[in-house]
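Generate coordinates for the entire structure from the input sequences, incorporating the hints supplied.
Going line by line, the protein sequences match chains X and R. Anchor point for the first sequence: position 270 equals 296 in the working numbering, and the numbering is continuous, going up by one each time. Anchor point for the second sequence: position 46 equals 99 in the working numbering, and the numbering is continuous, going up by one each time.
Treat the hints as calculated values from the structure; they're not laboratory data. All C-beta atoms in this analysis are idealised placements derived from N, C-alpha and C, irrespective of residue type, glycine included. Treat the hints loosely; a few may be bogus.
Stated by the list, open to error - Here are the in silico distance ranges between beta carbons for each label pair:
{"#": "1", "chain 1": "X", "residue 1": "SER200", "chain 2": "R", "residue 2": "LEU75", "range": "38 to 46 angstroms"}
{"#": "2", "chain 1": "X", "residue 1": "PHE45", "chain 2": "R", "residue 2": "PHE111", "range": "55 to 63 angstroms"}
{"#": "3", "chain 1": "X", "residue 1": "HIS154", "chain 2": "R", "residue 2": "LEU75", "range": "56 to 64 angstroms"}
{"#": "4", "chain 1": "R", "residue 1": "ALA160", "chain 2": "X", "residue 2": "PHE45", "range": "33 to 41 angstroms"}
Chain by chain, the residues run as shown.
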Amino acid sequence: MNAPQAVLRVQIHLPLERFPLDCSFEAKGEAVVLFGSSGAGKTSVLDCIAGFRQPTEGAIELGGRTLFSSEDHVSVPVRRRRIGYLSQQPALFPHLNARQNIEYGLLDLPHSERAARVDSMMERLRIHPLAASRPSAISGGEQQRVALARTLVCEPELLLLDEPLSALDLALKSLLLEALFDWQRERGVPMLYVTHEQQEAYSLSRRVLVMEKGRVVADGEPREVFNAPFSRERAALSGYENIFDAVIEEAHPALGTMTCRVAGTDLMLESPIAQKAAGANASLAVRAGDILVATLRPSGISARNILAGTIDAIEDRAGMVELRVLCGATGFQVHITRGALQNLELQRGQPVWLIIKTHSIEFLRS
Amino acid sequence: MISPLLLSVKLALVTSVLLLALGLPLAWWLAFTRFRLRFLVEAVVALPIVLPPTVLGFYLLLTLGSRGGLGAFWVRMTGHTLAFSFEGLVLGSVLYSLPFAVQPFTAALAAVDRRLLAASASLGASGWRTFWRITFPLALPGIVTGFALSFAHTLGEFGVVLMLGGNIPGRTQTASIAIYDNVQIMDYAAAGRQSLMLLGMSFTLLVLINALNRSNSWRLR
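Pasting the structure below:
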């Protein structure tokens, strides 16, 4: 069935506690996965679109209707946005039974039409037997099905789903996803589905928006988005504390590695092989938590990078210790636990060895 | 002539109904506002709990007497003074029992899960519909408690009534004042009967609230 495709346009700015939310995207009658670690700002985006939070700047449009515009001082109230919002908590009304919950959004309709729509939705999600049950009397999965029915029966023009099924078991989850996606395809209604599981992002949609610290850092097909080399910006946002410019010295196809020289120094790093010729420039990234520290030079170890350095600074952060280690002119940021710091009795100025696995080194998009 | 006990019941009933009508909007505001100076309003609402009834009664007497602003207005409108009348007692009781209604109302309204209110709005419900269909039924136990507490509190009121209403049999002589009078004239038998009645009524009321709230929370479980 070909339904007319409603377009959602979002362009919002909102200062959050730890970083500003700053993102813009469009969705045209399609299911889009909003992917990111927890705390990346995904739920705040949904809250702005649904109308529970007000961006300080920007505009939100749905199917030609302006829902929010800071320029025109427009903010349509939540109840007039015609947006279905489902989160991990079903938030069913505890004093109403399942049927009363589902018909709550249709109270303005004539009785016969309301009953017909509620019946067909309950049929569709196979929750007819639950009609007279209070939420407290049914299981979590059943509650979530009732909540989904309550949302869909209102025929929203946009669906916002905030990890709605993460508490359910796999079989039930796939059943509900199927019903959900069938419904979405029939109507051509845009849908934003928030998740922090990469596997789920792969299976749900052909389009993924990746969010990091309040911004959309990648947008595309799951395979493309998750496998592509990162931009320098996204690497920095994703917690790659060490980013270096480097020059390819030599490729060793037989060994599956390449030797790279950190630009402007004599420091050599063994990286995984990439489509780059000797002499080419490259950007490398290493997470501070992926670097090991040893007080003696290790031997008989698979890691290809064993670098001599000196501890330049030790800083105690919440929950971990941040070391700055100088290897020649190149500084590395290294995260270790407080326990490791005490155990190794590390001091400022002490010589140490840094150990980095070949595959902990990522090439960034140039 | 209306008996002191009946007068007390009438006063308590009128007062608690008025407090339901006036206290509920105030409690709703207190539960949901983001106004920074809300604590000041809360303090004013709570004042009658700590204030000696005679102090409240004294200020009310000044305001309601024929020379006070409100009192003079009332005289012009109705031809009789507000002090030493049933209407005056109602006004005093409403103020005196305000926290006993508003505090349970506010607590009950504030305890309603905000996610349910958000869900209601996103399903297209107006604020009015959300209140009557979701907030009110879920807060009902607390609202019943507030109603009953303000009723019981007004039933036993003494100081404000004495200051404001004097002690006019059939007009402003409530049960608690009649008991005091009877003790003054050494009629312990009459005082005992009236005391027992008040004790019985207050106790029954509290038992009823508890029973009602228990069955209500069972209903939601």
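Structure-based check of each hint:
no.	hint	result
1	X:SER200 - R:LEU75: 38 to 46 angstroms	violated, 54 angstroms
2	X:PHE45 - R:PHE111: 55 to 63 angstroms	holds, 58 angstroms
3	X:HIS154 - R:LEU75: 56 to 64 angstroms	violated, 46 angstroms
4	R:ALA160 - X:PHE45: 33 to 41 angstroms	holds, 36 angstroms
Hint compliance for this structure: hints 1 and 3 are not met, and every other hint is.
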